[in-house]
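Quick mapping for you: the protein sequence lines, in order, are chains A and B.
For the first sequence, numbering that gives the first Met the number 0 gives the first residue as 0, with consecutive numbering after it.
For the second sequence, numbering that gives the first Met the number 0 gives the first residue as 0, with consecutive numbering after it.
Be a bit skeptical, because a hint or two may be false.
30 Å max Cα-Cα, derived DSBU-like pairs, lysine-lysine [to be verified]: (1) B:K183 to A:K259; (2) B:K97 to B:K33; (3) A:K300 to B:K93; (4) A:K354 to A:K495; (5) A:K307 to B:K86; (6) A:K374 to A:K307; (7) B:K33 to A:K397; (8) A:K374 to A:K495; (9) A:K33 to A:K495; (10) A:K661 to B:K170; (11) B:K97 to A:K307; (12) A:K471 to B:K33; (13) B:K97 to B:K183.
Derived by calculation from the structure, the hints in this document are not laboratory data.
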Amino acid sequence: MKTSKTQLALVTFMTILGSMLPFTAFCQTIISGKVTENNGTPILGANVYLEGTYDGVSTDGDGNFSFETTETGTQTLVVSFLSFETFMMAADVSQMQGLVIKLREDVNSLDTVVISAGTFEASDNSKVSVLKPLDVVTTASALGDFVGALQTLPGTTTVSEDGRLFVRGGDAGETQIFIDGIRVFSPYTPSTNNIPTRGRYSPFLFDGITFSTGGYSAEYGQALSSVLLLNTIDEPDQEKTDIGIMSVGGALGNTQKWNKGSLSVNATYINLAPYIAVFPDRNDWEKPFEAYAGEAVYRHKFENGLFKMYAAFDATDFELTQEDIDLPEGLDFKLKNNNFYTNASYSGTLGDSWKLLGGGSFTVSKTDLGIIDSKIKDMENSAHFKLKFRKRFSNRVKLSFGAEQFITDFNEDFNNESVFENYGFQNNITAAFAETDVIFSKKFAVKLGLRGEYSELFDELTASPRISVAYKTGKNSQLSLAYGDFFQQPNSEALKFDNNLKAQNTQHYILNYQYTANNRIFRAEAYRKEYNDLLLFDTEFANIDSNFSNDGDGYAQGIDIFWRDNESIKNVDYWISYSFLDTERKYQNFPVAATPSFANTHNLSVVGKFWIEDWKSQIGFSHQYGSGRTYTNPNEPGFLQEKTKSYNSTSFNWAYLISQQKILYFSVNNAFAFKNINGYQYASVPDANGNFNRRALRPAADQFFFIGFFWTISDDGTDNQLDKL
Amino acid sequence: MKKLTLLIIALVSFTGFSQSKYEDGMRKAFELWKAEKHWEAANLFERIAAADPENWLPPYYIAQINVVYSFGEKDETKLTAQLGKAKEYINAAKAISKDNAEILVLDALWHTAWVAYDGQQYGMKYSPKVAQLYQQALQLAPDNPHVVFGKAEWDMGSAQFFGQPLDPYCKDIQRAIELFSTFKPESEFHPSYGESRAKSLSEKTCK
Numbered sequence: 000m001k002t003s004k005t006q007l008a009l010v011t012f013m014t015i016l017g018s019m020l021p022f023t024a025f026c027q028t029i030i031s032g033k034v035t036e037n038n039g040t041p042i043l044g045a046n047v048y049l050e051g052t053y054d055g056v057s058t059d060g061d062g063n064f065s066f067e068t069t070e071t072g073t074q075t076l077v078v079s080f081l082s083f084e085t086f087m088m089a090a091d092v093s094q095m096q097g098l099v100i101k102l103r104e105d106v107n108s109l110d111t112v113v114i115s116a117g118t119f120e121a122s123d124n125s126k127v128s129v130l131k132p133l134d135v136v137t138t139a140s141a142l143g144d145f146v147g148a149l150q151t152l153p154g155t156t157t158v159s160e161d162g163r164l165f166v167r168g169g170d171a172g173e174t175q176i177f178i179d180g181i182r183v184f185s186p187y188t189p190s191t192n193n194i195p196t197r198g199r200y201s202p203f204l205f206d207g208i209t210f211s212t213g214g215y216s217a218e219y220g221q222a223l224s225s226v227l228l229l230n231t232i233d234e235p236d237q238e239k240t241d242i243g244i245m246s247v248g249g250a251l252g253n254t255q256k257w258n259k260g261s262l263s264v265n266a267t268y269i270n271l272a273p274y275i276a277v278f279p280d281r282n283d284w285e286k287p288f289e290a291y292a293g294e295a296v297y298r299h300k301f302e303n304g305l306f307k308m309y310a311a312f313d314a315t316d317f318e319l320t321q322e323d324i325d326l327p328e329g330l331d332f333k334l335k336n337n338n339f340y341t342n343a344s345y346s347g348t349l350g351d352s353w354k355l356l357g358g359g360s361f362t363v364s365k366t367d368l369g370i371i372d373s374k375i376k377d378m379e380n381s382a383h384f385k386l387k388f389r390k391r392f393s394n395r396v397k398l399s400f401g402a403e404q405f406i407t408d409f410n411e412d413f414n415n416e417s418v419f420e421n422y423g424f425q426n427n428i429t430a431a432f433a434e435t436d437v438i439f440s441k442k443f444a445v446k447l448g449l450r451g452e453y454s455e456l457f458d459e460l461t462a463s464p465r466i467s468v469a470y471k472t473g474k475n476s477q478l479s480l481a482y483g484d485f486f487q488q489p490n491s492e493a494l495k496f497d498n499n500l501k502a503q504n505t506q507h508y509i510l511n512y513q514y515t516a517n518n519r520i521f522r523a524e525a526y527r528k529e530y531n532d533l534l535l536f537d538t539e540f541a542n543i544d545s546n547f548s549n550d551g552d553g554y555a556q557g558i559d560i561f562w563r564d565n566e567s568i569k570n571v572d573y574w575i576s577y578s579f580l581d582t583e584r585k586y587q588n589f590p591v592a593a594t595p596s597f598a599n600t601h602n603l604s605v606v607g608k609f610w611i612e613d614w615k616s617q618i619g620f621s622h623q624y625g626s627g628r629t630y631t632n633p634n635e636p637g638f639l640q641e642k643t644k645s646y647n648s649t650s651f652n653w654a655y656l657i658s659q660q661k662i663l664y665f666s667v668n669n670a671f672a673f674k675n676i677n678g679y680q681y682a683s684v685p686d687a688n689g690n691f692n693r694r695a696l697r698p699a700a701d702q703f704f705f706i707g708f709f710w711t712i713s714d715d716g717t718d719n720q721l722d723k724l
Numbered sequence: 000m001k002k003l004t005l006l007i008i009a010l011v012s013f014t015g016f017s018q019s020k021y022e023d024g025m026r027k028a029f030e031l032w033k034a035e036k037h038w039e040a041a042n043l044f045e046r047i048a049a050a051d052p053e054n055w056l057p058p059y060y061i062a063q064i065n066v067v068y069s070f071g072e073k074d075e076t077k078l079t080a081q082l083g084k085a086k087e088y089i090n091a092a093k094a095i096s097k098d099n100a101e102i103l104v105l106d107a108l109w110h111t112a113w114v115a116y117d118g119q120q121y122g123m124k125y126s127p128k129v130a131q132l133y134q135q136a137l138q139l140a141p142d143n144p145h146v147v148f149g150k151a152e153w154d155m156g157s158a159q160f161f162g163q164p165l166d167p168y169c170k171d172i173q174r175a176i177e178l179f180s181t182f183k184p185e186s187e188f189h190p191s192y193g194e195s196r197a198k199s200l201s202e203k204t205c206k
């Protein structure tokens, strides 16, 4: 008891003394010095202090600082300033005089060089976005299809009757699509000749899109030309219900949120029957296109990570008779497809700057085709598993590595009056990759990667190095270079008949210049691609009697130009893309090297958006131009020796905000009704004069109209579906 | 025993010492801010935040200075860095003080700064987020004038954009002004801004 009283008294005394101490007891040390940038320019306003104390000061106009401290012994001096790396130094305070401190620039800042060769980003998070997420759905020609919006970027070719992505002289199969880093096996809705397909997945579930037209990361393989990376939204903003009523069907969406998780579901029904009844097209539809689609995203937040699960189901059904030069009664085609895709991924931190990403996807696709009297039944089961680790050593050095497994099981029945065949294949590919990013300074960065793949089917091992460097040439401009080797197996069209093949490959060489300032972007990219070991067969169509080989080859080279300006004209945002392409290849059934019909020399897209405040409307327009595409005229010697006339289409859209939550939307594609010709079909036998007759392949309809009404119901009444259009 | 005594002395004198230092520091920072040396004030708040990591107010003010002075900033590099720093400290403040309506209001203001910088790009993206943050803040503190006024001002902006009547929001602002008149911040360092702004907005827009 006694002691504690003494203690108390002592405590009180010391406390009183303590509050006076700064002015009396402790000796003061002065800490002083100068803070500059690496090149010696003084920094004004840097924060200089001793860690864990209140002692510190801001630097003056000459970068000088000086302050007193009562601390003694070894302390940590901290110097921090916006856009620079924080500097720390531990030393005895008595040594902290006349310091000269040079701050290193923070390479995380917006003006650091980015490796941009080959890559287009559509996201808000990236430093250089050529497209914004909204653009995917407000581009006039796109009709809400993300693939349609990407077709306005350079490097793509206008193949309007197909609808898929054709990149830099590559065919559509050379582009692979990934959702949250996990492969999508059948990204497009099924279609038939001359009817363009669409992306299967609704754009409003994604908030980041990266489209690479070459030279992409070692993380991605089995794509000769291009990868498209889609990221689903991590966390929806609020609970809501979306209702869409369209001239071609309806859509219903709902989002629910909980403390740690959220669920978004979306259902769409499309039926073209009423539309075709009003605007008949060139096909004779027995069963107009009808599709049901449902999608769901579930997200759950853990303390150190995020789990996402995405699932999509769709069913498509149609039957039609298409004109055919060899069949006066027309070609009867029917299709029924059921497709289920699911994808689960987890990304989280492991501590010590380690990050883990893992996930898998699974697809079941069942297609029943009827072509005249032949019936074809396809069944494809595919899966992809991936595990990736990422370590951040510092802001400047990052390493990632991982492994993945692809499994495909394909089976097909073919039967008509005389033939019954069953064939298929099983394909397992194992891959490993490693990649490092090194940012040497704000001006210079390098990415080095290596990917190895083993195919069980071919018993073949491939290695593909990838390298990109970027150098900043001025405040707003930079140059990038990229090189990479890319391998891809022949697709199921060949593998179902022959397994004794090997992977096709390309090399990409890319030189990119980019200028960005004040909401303006200019990009110019020159590239060269060498194709080797392309698939070749000796029949008109791949079939069970074909002889397959890897003796094909080819090249593609060209220049892509992109300009976007959101600044010069008030309320107007526009972009212009131009691509020049020179390519020849010998592949599939080509007897000699030739420019394939999906590759044309010149492509131009102009897209504009105009916001009219008084009308509460956004009006958009887009024009697509593609120079003529090749076709073979059997009346003349040669192969793919002639070209069609050029392609033109101008589209308009108008989104009118009735109120914050109700939108009326109208669009028309090919408003000026250009008569486009995609190619020609020649008769298989000549007529009495020895002349092969032909038929122009024209789009099923020259124009397309769309009207929709979109209504969002949410608690606070401000959200709407403009981002869906 | 002696050791314990010394420890207690050390502890007590340290806390007493640091309490007064904290108060001196905070007062000094507000003085600098008033004298329009807001970056120096931010630096001082940063030093206080580093020395006193359990208090949400210093990071709150660092974020607030960075957000407030980003309005009108045209240089995207600078704006991105500044708002990046603000976000970092908003997250720090949220980690210290969970379910704090004042921080949510600041977070809403952070998103509003992006909308103000480029409405075309960020308006559609961040509007629902801002609305959701105010909604959440309102649930936590229905009678906090900062929440009521912040929400009213944002809603009014949206209504003006869509050409809708402003009357309901004028009522909200009026209510905020009433709440301001009786509002007592928890301490001299707790947020106490906004009353004069609410009055001038009400005079300007609500007649």
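Hint-by-hint comparison with the structure:
no., hint, verdict
1, B:K183 to A:K259, "violated (34 Å)"
2, B:K97 to B:K33, "holds (29 Å)"
3, A:K300 to B:K93, "holds (17 Å)"
4, A:K354 to A:K495, "violated (39 Å)"
5, A:K307 to B:K86, "holds (25 Å)"
6, A:K374 to A:K307, "violated (39 Å)"
7, B:K33 to A:K397, "violated (43 Å)"
8, A:K374 to A:K495, "holds (17 Å)"
9, A:K33 to A:K495, "violated (72 Å)"
10, A:K661 to B:K170, "holds (25 Å)"
11, B:K97 to A:K307, "holds (25 Å)"
12, A:K471 to B:K33, "violated (41 Å)"
13, B:K97 to B:K183, "holds (21 Å)"
Hints 1, 4, 6, 7, 9 and 12, counting from the list given before, are not met by this structure.
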